[in-house]
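Undergrad: Since the structure of chain X is already known, use the hints to place chain E on it.
So the sequences go chain by chain: X and E.
In terms of my numbering, the first sequence opens at residue 1 and continues consecutively.
In terms of my numbering, the second sequence opens at residue 1 and continues consecutively.
No wet-lab data here; the hints were simulated from the structure.
Being a predicted model, the structure only gives us computed values, none of them experimental.
Heads up, some of the hints might be wrong.
To be verified - With a straight-line cut-off of 35 Å between C-alpha atoms, the simulated DSBU-like cross-links for lysine-lysine are:
(1) E/Lys42 / E/Lys1
(2) X/Lys14 / E/Lys42
(3) X/Lys9 / E/Lys42
(4) E/Lys110 / E/Lys68
(5) E/Lys1 / E/Lys68
(6) E/Lys42 / E/Lys110
(7) E/Lys110 / X/Lys9
(8) E/Lys68 / E/Lys42
(9) E/Lys110 / X/Lys14
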Amino acid sequence: NAGVTQTPKFQVLKTGQSMTLQCAQDMNHEYMSWYRQDPGMGLRLIHYSVGAGITDQGEVPNGYNVSRSTTEDFPLRLLSAAPSQTSVYFCASRENGAYEQYFGPGTRLTVT
Amino acid sequence: KQEVTQIPAALSVPEGENLVLNCSFTDSAIYNLQWFRQDPGKGLTSLLLIQSSQREQTSGRLNASLDKSSGRSTLYIAASQPGDSATYLCAVNDAGNMLTFGGGTRLMVKP
Chain X
1 NAGVTQTPKF
11 QVLKTGQSMT
21 LQCAQDMNHE
31 YMSWYRQDPG
41 MGLRLIHYSV
51 GAGITDQGEV
61 PNGYNVSRST
71 TEDFPLRLLS
81 AAPSQTSVYF
91 CASRENGAYE
101 QYFGPGTRLT
111 VT
Chain E
1 KQEVTQIPAA
11 LSVPEGENLV
21 LNCSFTDSAI
31 YNLQWFRQDP
41 GKGLTSLLLI
51 QSSQREQTSG
61 RLNASLDKSS
71 GRSTLYIAAS
81 QPGDSATYLC
91 AVNDAGNMLT
101 FGGGTRLMVK
111 P
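One chain only, chain X, in its complex shape (with noise of 0.2 Å):
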């Protein structure tokens, strides 16, 4: 049981390029969530998915897109990479409902 597991784990980028943050969950669990992490400013929600085929925005979407084609796998894409993107990177999984979150390792992004 592999929890949530994040790739790659260290990136770097030059604006403009595109990219996809994969994320992976095992626990079956319906609920998958993006966070990006930066310093003074704690953890704020980018989307979320309440199941397969279903997504919605968090606080900070822009510039950020997502899918749920499966249960297991929530992508993360960056359209046209920024400087204020340089963050890390979160997925979270949980069952539907008021349960515990589980986070992955995270992803440390670098924009130049």
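TA: Then chain E, alone, in the frame of chain X:
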């Protein structure tokens, strides 16, 4: 909009001390509150989850309390150890689909 505040932002204590970390939130209509631990450069590890109907939860040397009416939660760590050094985050689930995080308390336990 829910706002979550953690005080103090940083704390340094000698090994063996009992300590209390504080978390306050502005909207008391919450589903649950979760405490996490984050080690430098690592992800978040869930420590305790308190449902809105509960007053406290305990796990080993950790005890978390919740007072919804006053918008406060505390994390009590008994007999602190150097291995407890980390950042502690509280997060409130108040809309079912989003956690609102506090800024964290950086704890250093000195041998």
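Undergrad: Starting from the hint list further up, note which numbers the structure goes against and sort them upward.
TA: 9
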